[in-house]
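Trainee: Spelled out, the chains give:
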Amino acid sequence: MKIPILRLGRILLSSIQVDLTDADAMQFQDDLVNKIAEIEALGIVIDITSLEVVDSFMARVINDTAGMARLLGAEVVICGVQPYVAMTLVEMGRDLIGVDCTFNLDQGLEIIKARIEMRGDARMIEGEG
Amino acid sequence: MTTQPTNSSERVPILDASDIVRARGVARQVAGRIGFGLADQTRLATAVSELARNVVQYGEDGFCEIVDASDHNEMRLGILVEDHGSGIDNIDKAMKDGYTTGGGLGAGLPGTRRLMDEFVIESEPGLTRISIALVRKRS
Amino acid sequence: MNKISVYVAGEPNVAEAVRTAKLMASELGFARIQAYYIATAASELAANLFIHADGGMFEVSALTDRPGLELVVTDHGPGIADIEKALQDGYSTAGGLGCGLPGVQRLMDEMDINSQPGQGTVVRARKWL
Amino acid sequence: MTTNSLAPIVTLLQQHRAAISSEWMTEVLRVWMRLYPGLVNEDELRRQADALLKELGKLFSEHSGEAPPDITGNSELGEIARELSSERAKKGFKPADTAQYVITLKNVLTQHLVRTLNESPTSLTLCLRAVDDVLDRLSLLTFDAFVETRERVIAQQSLSLVELSTPVILLWNNVLLLPLIGVIDTVRARQLTERLLESITKHEASVTLIDVTGVPVFDTSVARHIMKAIDAAQLLGSRIVMTGISPEGAQTLTKLGISFANVISRATLRAGLAEALQLVGRRIEFTGGVHK
Chain H
1 MKIPILRLGR ILLSSIQVDL TDADAMQFQD DLVNKIAEIE ALGIVIDITS
51 LEVVDSFMAR VINDTAGMAR LLGAEVVICG VQPYVAMTLV EMGRDLIGVD
101 CTFNLDQGLE IIKARIEMRG DARMIEGEG
Chain U
1 MTTQPTNSSE RVPILDASDI VRARGVARQV AGRIGFGLAD QTRLATAVSE
51 LARNVVQYGE DGFCEIVDAS DHNEMRLGIL VEDHGSGIDN IDKAMKDGYT
101 TGGGLGAGLP GTRRLMDEFV IESEPGLTRI SIALVRKRS
Chain S
1 MNKISVYVAG EPNVAEAVRT AKLMASELGF ARIQAYYIAT AASELAANLF
51 IHADGGMFEV SALTDRPGLE LVVTDHGPGI ADIEKALQDG YSTAGGLGCG
101 LPGVQRLMDE MDINSQPGQG TVVRARKWL
Chain L
1 MTTNSLAPIV TLLQQHRAAI SSEWMTEVLR VWMRLYPGLV NEDELRRQAD
51 ALLKELGKLF SEHSGEAPPD ITGNSELGEI ARELSSERAK KGFKPADTAQ
101 YVITLKNVLT QHLVRTLNES PTSLTLCLRA VDDVLDRLSL LTFDAFVETR
151 ERVIAQQSLS LVELSTPVIL LWNNVLLLPL IGVIDTVRAR QLTERLLESI
201 TKHEASVTLI DVTGVPVFDT SVARHIMKAI DAAQLLGSRI VMTGISPEGA
251 QTLTKLGISF ANVISRATLR AGLAEALQLV GRRIEFTGGV HK
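Those protein sequences? They're chains H, U, S and L, same order as listed. Going by the working numbering, the letters in the first sequence line up with residues 1 to 129, in that order. Going by the working numbering, the letters in the second sequence line up with residues 1 to 139, in that order. Going by the working numbering, the letters in the third sequence line up with residues 1 to 129, in that order. Going by the working numbering, the letters in the fourth sequence line up with residues 1 to 292, in that order.
Hints are computed from structural coordinates only; laboratory data are not their basis. C-beta: ideal position from N, C-alpha, C; glycine also. Treat the hints with caution; some may be incorrect.
[As the list claims (entries may be wrong)] In silico DSBU-like cross-links for lysine-lysine, where the CA-CA straight-line distance does not exceed 35 Å: (1) H:Lys35 / H:Lys2; (2) L:Lys202 / H:Lys2; (3) H:Lys113 / H:Lys35; (4) S:Lys85 / U:Lys93; (5) L:Lys91 / U:Lys137; (6) H:Lys2 / H:Lys113; (7) U:Lys93 / U:Lys137; (8) S:Lys3 / L:Lys255; (9) U:Lys96 / L:Lys228; (10) U:Lys93 / L:Lys228; (11) L:Lys255 / U:Lys96; (12) L:Lys90 / U:Lys137; (13) L:Lys94 / L:Lys106; (14) L:Lys58 / L:Lys91; (15) L:Lys94 / S:Lys3; (16) L:Lys228 / H:Lys113; (17) H:Lys35 / L:Lys202; (18) L:Lys228 / U:Lys137.
[What the hints assert, rightly or not] Stretches of chain S that chain L covers, calculated by requiring three or more beta carbons in the stretch to come under 8 Å of a beta carbon on chain L: (19) 9-16; (20) 39-53; (21) 101-111.
Let the sequences and hints guide you as you build the complete structure.
Mentor: Spelled out as structure tokens, the structure:
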């Protein structure tokens with residue numbers, strides 16, 4: 001199962017549409033990190049609307065992916081966390097997910113764009129390139 | 001005047017990581033059939049996911065049994081996860097937040113306990129049994 | 001009416017214990033804020049009865065020798081293995097915020113704990129008028 | 001077949017059932033019609049009374065031996081009694097007025113027995129004792145059913161009270177208000193969190209105001225419940241503004257070591273609303289006004 005990662009300029013969009021097995025999740029993490037490096041992505045939006053179960057493993061994958069993306073210089077926003085998933089996560093333990101969240105891809109993209117605009121590299125490099 | 005509960009159970013073998021998704025799918029389905037709300041279905045599916053992953057990571061082989069033990073007063077879904085791995089050395093330690101030996105967030109077991117109404121764990125080399133249950137009064 | 005007991009087996013009894021403590025505090029002439037402290041301490045102590053033991057007795061009494069109010073909780077639960085540790089901030093055995101007992105200590109004027117592992121626990125907390 | 005020492009009761013219930021039923025119902029209806037006008041269905045009551053008397057007759061006719069008949073063996077009888085008293089409970093009858101039903105029957109039966117058996121005192125004693133025993137147990141049964149129904153009614157009422165007391169209000173586009181009022185225990189916290197999260201998703205609320213003016217006592221468990229709701233709301237993408245913490249509440253929370261660090265907090269709902277509007281890029285403006 002390969003999860004598609006779409007490119008929109010220097011932003012990556014990905015929507016997880018199925019219940020992921022552990023192997024799928026690791027594969028996705030790997031693909032995404034490589035893609036970030038390849039295009040020098042400035043931002044990533046991951047949509048998890050379809051994830052009905054986020055257990056501590058999946059939470060870790062999401063957190064780790066975000067951490068890796070940050071190390072590679074990209075802003076990360078997660079969108080579409082289901083209400084019951086959010087409730088379950090906070091009942092299991094606080095801070096299982098430490099990434100900024102928003103409602104849908106649309107808003108995720110807006111937030112990412114706003115953040116990228118504040119960044120020096122986007123202004124300088126894009127402007128001169 | 002006791003109505004005999006119409007108990008039913010389903011057993012899912014857990015041998016590799018793909019069974020985790022199957023087990024939690026069955027748990028969600030059974031919970032929905034009994035009448036648990038979406039929030040409780042998610043709690044149950046997540047708990048099964050945690051426990052089933054434990055089996056895959058440490059237990060070699062095992063199974064997950066999902067039992068509908070509801071009666072006319074309450075909805076009750078019981079889940080037994082059993083594996084035949086090396087067992088948990090120190091249960092107290094395994095139940096503490098942040099303790100992990102297998103690269104997780106260390107929230108698996110204590111997190112599951114917080115999600116459920118009942119949580120019993122027994123472990124010896126060769127056999128680990130964790131039974132959990134979610135109970136809701138019928139309104 | 002200088003001593004009232006409430007058996008605490010679950011959350012509804014906690015609310016009753018809190019009401020009782022608050023009422024007695026204001027009847028004894030405690031200031032608003034002091035009564036609030038006492039009510040909160042009562043809530044913490046009463047909640048401990050069913051979180052850490054199967055339930056137990058909660059008592060509020062008016063002190064006469066030196067005017068004041070005393071909260072006493074008695075349970076026959078597992079007891080507190082390490083009282084000093086239980087009084088440290090951030091220490092919790094039941095997934096709490098870990099500020100129950102140290103919080104009570106700060107809210108009240110005096111507190112003493114008598115605990116026998118395996119036998120139960122008695123906590124007394126006093127506040128002077 | 002052994003002789004049935006209670007045969008006189010059986011005969012009585014066969015030959016005088018209509019009279020007994022009518023005397024009994026007249027008395028019951030006299031009291032109930034006065035106390036609960038409009039809540040009594042006469043035809044229904046008479047039908048029930050006949051059915052009950054028929055079952056009673058069956059019970060006594062099948063009886064043999066020394067011990068008084070056991071009504072637990074006759075589920076039909078219990079069912080009628082249960083049905084009747086749970087109906088009374090639902091309609092708000094007082095327990096004593098409900099018990100009147102069986103007590104009246106006992107009086108009527110006793111009078112009839114005394115009249116028919118005044119020649120044979122031994123038989124009378126036996127029959128009276130049996131009637132006493134059976135009707136006492138029936139009365140306990142109805143009382144049980146009454147209490148059970150009442151408890152269920154109360155449980156349902158408290159449930160609806162919980163639902164009523166946790167509304168989530170859409171204040172403005174993308175701004176929600178959750179006013180918390182009363183004691184917050186685990187069950188209620190779970191319900192209000194579910195309700196809040198659903199509303200946040202539905203309205204895509206980028207700001208949620210949580211007003212705690214109506215929370216009587218802030219202890220660690222209340223704080224924990226609220227904190228969980230806040231954390232979950234933030235996972236969906238909503239920012240939280242908490243309002244209405246009293247000076248006492250602020251002092252107590254700080255003494256307890258709870259800081260609500262990742263939450264904006266304002267003393268009043270008014271200040272919180274201004275903050276929330278600011279966060280969604282709006283403000284309230286003075287337009288000159290109609291009233292000077």
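Trainee: Each of the hints needs a verdict: does it hold here or not?
Mentor: We went through each hint and held it up to the structure:
The suggested pairing of Lys35 (chain H) with Lys2 (chain H) holds, with an alpha-carbon distance near 14 Å, which does not exceed 35 Å. Proposed proximity of Lys202 (chain L) and Lys2 (chain H) is supported: the alpha carbons are some 30 Å apart, at most 35 Å. For a cut-off of 35 Å, the pair hint linking Lys113 (chain H) to Lys35 (chain H) stands: about 19 Å separates their Cα positions. With a C-alpha separation of about 17 Å, the suggested pair Lys85 (chain S) and Lys93 (chain U) falls inside the 35 Å cut-off, and the hint holds.
Taking the CA atoms of Lys91 (chain L) and Lys137 (chain U), the gap is near 24 Å; set against the 35 Å cutoff, the hint holds. Under the criterion of a C-alpha separation no larger than 35 Å, the hint pairing Lys2 (chain H) with Lys113 (chain H) is consistent with the structure, at around 26 Å. About 33 Å separates the Cα atoms of Lys93 (chain U) and Lys137 (chain U), which keeps this hinted pair within 35 Å; it holds. For the proposed pair Lys3 (chain S) and Lys255 (chain L), the alpha carbon gap of about 27 Å is at most 35 Å, so the pair holds.
Distance hint between Lys96 (chain U) and Lys228 (chain L) is fulfilled; the C-alpha atoms sit about 19 Å from each other, no more than 35 Å. For the proposed pair Lys93 (chain U) and Lys228 (chain L), the alpha carbon gap of about 25 Å is at most 35 Å, so the pair holds. Straight-line distance between C-alpha atoms of Lys255 (chain L) and Lys96 (chain U) comes to about 27 Å, which keeps the hinted pair within the 35 Å bound. Taking the CA atoms of Lys90 (chain L) and Lys137 (chain U), the gap is near 21 Å; set against the 35 Å cutoff, the hint holds.
For the given pair, Lys94 (chain L) sits about 20 Å from Lys106 (chain L) by alpha-carbon distance, which is consistent with the 35 Å threshold. Simply put, Lys58 (chain L) and Lys91 (chain L) have alpha-carbon atoms about 30 Å apart, close enough for the 35 Å limit, and the pair holds. A threshold of 35 Å between alpha carbons decides the hint, and for Lys94 (chain L) with Lys3 (chain S) the separation of about 34 Å falls inside it, so the pair holds. The hinted pair formed by Lys228 (chain L) and Lys113 (chain H) meets the criterion: a straight-line CA distance of about 30 Å does not exceed 35 Å.
A distance of roughly 33 Å separates the Cα atoms of Lys35 (chain H) and Lys202 (chain L); the hinted pair therefore holds under the 35 Å criterion. For the hint linking Lys228 (chain L) to Lys137 (chain U), the alpha-carbon distance of about 23 Å falls within 35 Å, and the restraint holds. Requiring three or more residues with a Cβ within less than 8 Å of a Cβ of chain L, the coverage given for the stretch 9-16 of chain S holds, as 4 such residues are present. Counting residues of the stretch 39-53 of chain S whose CB lies closer than 8 Å to any CB of chain L gives 5, which reaches the minimum of 3, so the coverage claim holds.
Proximity of the stretch 101-111 of chain S to chain L, defined as three or more residues with a beta carbon under 8 Å from a beta carbon of that chain, is established by the 4 residues found.
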